[in-house]
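If you're matching them up, the sequences are chains Z and X in order.
Last residue of the first sequence: 666 in the working numbering, with the numbers rising by one and none dropped.
Last residue of the second sequence: 189 in the working numbering, with the numbers rising by one and none dropped.
Because the hints were derived from the structure by calculation, they are not lab data.
These numbers come from a predicted model, not from an experiment.
Ideal placement from N, C-alpha and C gives every residue a C-beta, glycine not left out.
Do not take every clue at face value.
Unchecked claim - Chain Z residues, not near chain X, derived (Cβ > 12 Å throughout):
id, residue
1, Ala-7
2, Tyr-18
3, Arg-30
4, Val-54
5, Leu-58
6, Asn-63
7, Thr-83
8, Gly-233
9, Trp-234
10, Leu-313
11, Phe-327
12, Tyr-329
13, Val-384
14, Ile-450
15, Arg-615
Unchecked claim - What follows is a set of in silico ranges between Cβ atoms, one per label pair, in the way DEER data are often shown:
id, chain 1, residue 1, chain 2, residue 2, range
16, X, Pro-116, Z, Ala-546, 41 to 47 Å
17, Z, Phe-549, X, Phe-43, 26 to 32 Å
18, Z, Ser-531, X, Asp-96, 52 to 58 Å
19, X, Thr-47, Z, Leu-58, 42 to 48 Å
20, Z, Glu-479, X, Gln-145, 43 to 49 Å
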Amino acid sequence: MADLGTASITIALALALYSAAASFVGVRTRNAAMIVSGMRANYLTTLALGAAMVALLLAFLRNEFAIRYVAEHSSLAMPRIYTWVAFYAGNEGSLLYVAFALSGMGALAMFWAPRRMGPQRPYANGVLMLILIFFIAVGLFMANPFQTLPITPADGIGINPLLTHPGMFIHPPMVMIGLIAIAVPFAFAMGGLLSGRIDDEWVDAGRVWGIAAWVLLGLGLLLGAWWAYTILGWGGYWAWDPVENAAFMPWLALTAFIHSIMVQKRRGMFRMWNIALINISFTLGAFGIFINRGGPVPSVHSFGASNLGWLFLIFLGVVMLLAFGLFFYRMALLRSSGSLESALSREAAFLVNNLLFLGVAFVTLWGVVFPIISELVLDTTITVGEPFYNRVNGPIILALLFLMAIGPLLPWRHATWGSVRRAIFTPGLITLGITAVVAVLGVDKPVVLIGIAVSTLVAISVLQEWVRGTHARHRATRESYPVAFLQLIASNRPRYGGYVVHLAIVMLAFGIIGSTFYNIERDVFLSIGESASVGDYTVEFAGTNAKTFSDRTERTATMEIYRDGEYLTTLEAWHGVYPSFNMLSTRAGIRSTPVEDLYIIFSELQPDGQTAAFRLLLNPLIWWMWFAGPFVIFGTAIALWPARQRAAAFVPGPAPGGPLPTSGVS
Amino acid sequence: MAVESVSFPQRLFVSMAGFAAAFGTLALLAVSPALPIAHGQDFIELTPELDARAASLYAGIMCPICDGQTISQSHAQISETMRQMVRERLIAGDSDDEIYAFMTSAFGEDILASPPTSGIGVAVWVVPPIALLLGAVTVAFVVRQLRASPPRKASANANAALSGESSDALDPYLGLVDREMGDAAGEQR
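This is chain Z alone, in the form it adopts within the complex (with noise of 0.2 Å):
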């Protein structure tokens, strides 16, 4: 396996070199065969890599720990289901896999994209492929997964037992893929730069690949959230943490880039700034694969861990330095076509969002790397924790929920005062009685309360916006209700499925609201038999049991818990001591509700086996911000699903007045 696994890279790397170059010399030379075969490569990248892929698993399956990565990664105790999770565990793997998503996104995105693409699209193709040459050569060269020991070892190391939780089958690739996906965009922006024919052609592929990438990263960032609260046993989701953070700012720069873009798909306006944006987020992913991948969180010290740091820190640089270069050398080009034409427009309405959304972005990234510069320059080390970001980055946020009830409900191009009050009456008023109930039933912390109003103030204009169209839409077509709802939908799908992720985000932020302002957190050591109150509940430690097992010896707390002197449940609370990683793991016991989860932390259980320290949580309406998972999804699906006239509009022909004849070939 190991020699199938190195030669099939070797190949992959020479063939995106190939197709690099035949893509740029094709395009630079007019030679449409040329641009053909580079595009074939890409296509065969992505066999290799896939080659490469499965080599690594079934080197895994078949216990081969000659292989030095099989060996650190998994062990014969390991149940083989987590293959597929030790196969990432390390940077080799998952270098392999990044290398591997972004073949395979960009051998799509190169076949699906708009055949009326002219130029941009073998360009595009060579940037792509230069940026993936950097990912497989680090593999094949720094990092190769199917590095042999000269000795084969009877027993691996095994797994790292926090890694052992289903949320880590698709939360960290999701993650990964999420961050280089952003390669597409930007691979399509850099295209059009690159030809000099930057009309808004990129703007299609580069929307639905954005968003694409935004979908891929937040769902990565919700799952990481949902698993740490699950495992990490300390009753929170979101710390942020210098790498969580890497992750989110460049989910940040895509959300305003998915808005932004729309601005020029429709108005042709803001051709510079989305093409800043997109450079932006990718320079973001990139750096967020830095931190990742062995870079200076959370002390500058750890540069020595990993050789690679320093490798991702001249990609970032270079990257850096070629698009925003190539952005000014062809700044003349991007003159809006449209014009602004009111500040109280949809326009501007974005604007707003654009700034709003990158202070975040730079807020963050402004906590993450303040403490490496004070530790370099001044010597001095600072923590730059939680509170910092809640306190900077809340307000903005809440700025961005108020701007998300009101930006929808602005017409393109100018609206009137008039037209915004009437708008925002019925939304206003029903917001100011909900709030006022919510008041009234006893939640008294004003930002809970303005957080409570602007969420409300989105629900309800979005719902007010389906209902008056689909009532315009059944007056105008005498569709019954149902079918003109449909159908309204299907009439404007970015902006209905948009609306679908705003509701989604709605729920995360109630979910955020409650948890974090309403939570109640007490520590308590319990004998068998003893109980403690948390809330309404009474929890009562009714009995532990053990068990051994080669790697890890698990205990059990059972939990008897009572409201209000009433049974309600048993709860089983969870962890495991894993001698060999000297580790424990914790996996709390929950009983989720969309009211509120009751959550148990057993921490430690002392020798006698009859004491044990917990934790117990009650955190309100965390449930919601599981549950807008599959809004988003949704969402993002209605969003992206494609027009069927768009779809018809791509068949016919050669491109309008593109130079090359490659447009029926791929």
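Fit chain X to the known structure of chain Z by using the hints.
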């Protein structure tokens, strides 16, 4: 080669760290939390009110040896000890500020999760609002600029985008809605 196997744990840590860091778990790998802690009998239980204060204090104090985790999050032994210290001070009736001062005198300034509001820490707090303000000024400037400059002759492409696809402004149903609502702007379109 023995050298290879010796470097295993180290390599394991390095490669795992890169990965695990992504999920904020570095500390769990770097420390040894599995050892039973002999605090049993000394464990201080707090009233619900004090526990609420304790929770917010834990979240404001970093674990000194686990990178990027507060003592609320970390399972490390030292975090348990520090939580216990916080509980002791709470029972003794200290205010939050006194407890922070006590903890920093014992473990150093950099255990505060929130950067200090004096010295170089000021920069952390001051720069974001300034940057945001500059951004806002830039946006305002761009808006003025875009409004002042006459539009370049719209390219065929942009025209197509406006007429060919169902732009919101031209969506007949929404237009109808606007008219129904007596929207003057809607009628001008």
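Hints versus structure:
no.	hint	verdict
1	Ala-7	holds, 23 Å
2	Tyr-18	holds, 31 Å
3	Arg-30	holds, 23 Å
4	Val-54	holds, 21 Å
5	Leu-58	holds, 21 Å
6	Asn-63	holds, 17 Å
7	Thr-83	holds, 16 Å
8	Gly-233	violated, 7 Å
9	Trp-234	violated, 4 Å
10	Leu-313	holds, 14 Å
11	Phe-327	holds, 17 Å
12	Tyr-329	holds, 20 Å
13	Val-384	violated, 5 Å
14	Ile-450	holds, 19 Å
15	Arg-615	violated, 9 Å
16	X:Pro-116 / Z:Ala-546: 41 to 47 Å	holds, 45 Å
17	Z:Phe-549 / X:Phe-43: 26 to 32 Å	holds, 29 Å
18	Z:Ser-531 / X:Asp-96: 52 to 58 Å	violated, 29 Å
19	X:Thr-47 / Z:Leu-58: 42 to 48 Å	violated, 59 Å
20	Z:Glu-479 / X:Gln-145: 43 to 49 Å	holds, 45 Å
Violated hints for the displayed structure, listed by number in ascending order: 8, 9, 13, 15, 18 and 19.
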